[in-house]
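Chemist: Residues per chain, in single letters:
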Amino acid sequence: MSLYNEIGGEGAVNAAVDVFYRKVLKDDRIKHFFTGVDMSKQAAKQKAFLTMALGGPNNYTGEDMRKGHAHLVAKGLNDTHFNAVMEHLGATLTELKVPGHLIAQAAAIAESTRKDVLGK
Amino acid sequence: MPKVVYGGQSYECGEGSILDCLTAHDVAVPSACRSGVCQTCMMRALKGNVPEKAKVGLQPTLAVQNYFLACSCYPQEDIEVALPELVRGKLEASVTRIEYLNADILGIRLKPARSFAYKAGQFINLFKDTATARCYSLASVPALGEELFLNVRRVPGGLVSGWVFEHLKVGDSIAISEAAGDCFYVPDKPGQDILLIATGSGLAPLYGIIRDALLNGHQGRLSLYHGSYNASGFYLVEELQKLARTHRNFSYVPCISEGEAGVPAGYAAGMVLDVALADNPDLSGWRVFLCGHPDMVNAAKQQTFLAGASMRDIYADPF
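Chains as they are written, first to last, in the working numbering: chain A, 1 to 120; chain Y, 1 to 319.
Think of the hints as simulated: they come from the structure by calculation, not from any bench. Certain hints may be false.
What the hints assert, rightly or not - Taking lysine-lysine pairs in the DSS-like style, the calculated list, with each CA pair at most 30 angstroms apart, reads: (1) K97/A with K128/Y; (2) K67/A with K90/Y; (3) K120/A with K41/A; (4) K169/Y with K97/A; (5) K90/Y with K45/A; (6) K111/Y with K45/A; (7) K23/A with K115/A; (8) K41/A with K242/Y; (9) K41/A with K189/Y; (10) K169/Y with K41/A; (11) K169/Y with K128/Y; (12) K41/A with K47/Y; (13) K47/Y with K26/A; (14) K120/A with K26/A; (15) K169/Y with K45/A; (16) K23/A with K55/Y; (17) K23/A with K169/Y.
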């Protein structure tokens, strides 16, 4: 059984997206990256990110990740910010009572995008 | 094999999704994740049934209008589709009444030359000429048999509002578009509490939505906050006060943002968003409607979300 199905599929992602995005927007380290963005469009992107991290269907390539974050890298996006997002991913899944070994799998998938997201 | 009709052309759909079918025929449909998540490839069905799987994750107001995700839509039967912005028709309407609602806002009533379906709170385009149009929200409720009711605020230097204020007369025939927008009431959760926040003529869609919800027998709270710099900025006050007297679940709080030292009885002092959040600090489970000044709407989207409202339950029009 895949990680995505084991966690609960789309329903689990829906439950996670509000919790996760609220944590991100309340975090003084990273919230300035979201000033002025359209909340609804951003929520769809957060959902796409969580779907990917949870091993769900996605067609994002490393190149997409680079292009999608290039404007943020120009504004100073770095490892500290990436780490903050990783923290919120873990905390969200813990809050939703996802078992630890599945959280570790999700974290590993998200971690694999680090170089592309940060344009390294 | 089902056919997909787009822009007057018919295409064989094959085994793939509508997105696969159209892009294979060089129809430009925006897309990104191709997994039913990012909603970039949203289209609207004009004829034919949309499989439920193609509506997963859409806001209820979009789903009831037959919007769907092209990447997740594997049609079982023939279907006609369009990109969201190409759907609306144009028609004539005659002006039946013009009245000042306050010093800066005109109430315009229109009788359309043909009927068209709309929901209270959606918007239409009002054309000054073929090249110049502005969006105005509908404050009227179709089920009440009302004429179209718009609230037009005088915008300094505004091409369309200036023309409405200076030149529009009762009896004139003008061009409008059919209605669009996803800021309206859906009677799927009659017990849900609803917070509505407006500034200025952003009250128009909310006045329609509130009366539509009450007409549908909504049981949860309907809490309206209307913001203005001073007392002269409010309008439809008597109508709203009357609704509040006759419906225990509806409340109306006009908020004055200037001269906080002393506001008249019946008004709250402060910025409308601050007052609404102070009265309702926990919005978990609430539905939220936000209309008016873009700065207020954008701040309110974020703050009502942080106060617990789910992103799927927040509806907004930034005008």
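Chemist: Against each hint, give a clear statement of whether it holds in the structure.
Modeler: Hints, one by one, checked against the model:
About 57 angstroms separates the Cα atoms of K97/A and K128/Y, which puts this hinted pair outside 30 angstroms; it is violated. A threshold of 30 angstroms between alpha carbons decides the hint, and for K67/A with K90/Y the separation of about 39 angstroms lies outside it, so the pair is violated. Of the pairs offered as hints, the one joining K120/A and K41/A holds, with about 26 angstroms between alpha carbons and a cut-off of 30 angstroms not exceeded. Pair hint K169/Y plus K97/A does not hold up; C-alpha atoms about 63 angstroms apart against a cutoff of 30 angstroms.
At most 30 angstroms may separate the alpha-carbon atoms for a hinted pair to count; K90/Y and K45/A exceed this at roughly 34 angstroms. With a C-alpha separation of about 42 angstroms, the suggested pairing of K111/Y with K45/A is violated against the 30 angstroms cut-off. Straight-line distance between C-alpha atoms of K23/A and K115/A comes to about 23 angstroms, which keeps the hinted pair within the 30 angstroms bound. Of the pairs offered as hints, the one joining K41/A and K242/Y is violated, with about 38 angstroms between alpha carbons and a cut-off of 30 angstroms exceeded.
Between the alpha carbons of K41/A and K189/Y the distance comes to roughly 24 angstroms, so the proposed pair stays at or under 30 angstroms and holds. Proposed proximity of K169/Y and K41/A is contradicted: the alpha carbons are some 41 angstroms apart, above 30 angstroms. Distance hint between K169/Y and K128/Y is fulfilled; the C-alpha atoms sit about 13 angstroms from each other, no more than 30 angstroms. For the hint pairing K41/A with K47/Y, the CA-to-CA distance comes to about 27 angstroms; that is within 30 angstroms, so the pair holds.
Taking the CA atoms of K47/Y and K26/A, the gap is near 44 angstroms; set against the 30 angstroms cutoff, the hint is violated. With a CA separation close to 27 angstroms, the supplied pair K120/A and K26/A stays within the 30 angstroms bound. As the CA atoms of K169/Y and K45/A are separated by approximately 47 angstroms, the hinted pair breaks the 30 angstroms bound. Our distance criterion of 30 angstroms between C-alpha atoms is met by K23/A and K55/Y, whose separation comes to about 27 angstroms.
Straight-line distance between C-alpha atoms of K23/A and K169/Y comes to about 53 angstroms, which puts the hinted pair past the 30 angstroms bound.
Of the numbered hints listed earlier, those contradicted by the structure are 1, 2, 4, 5, 6, 8, 10, 13, 15 and 17.
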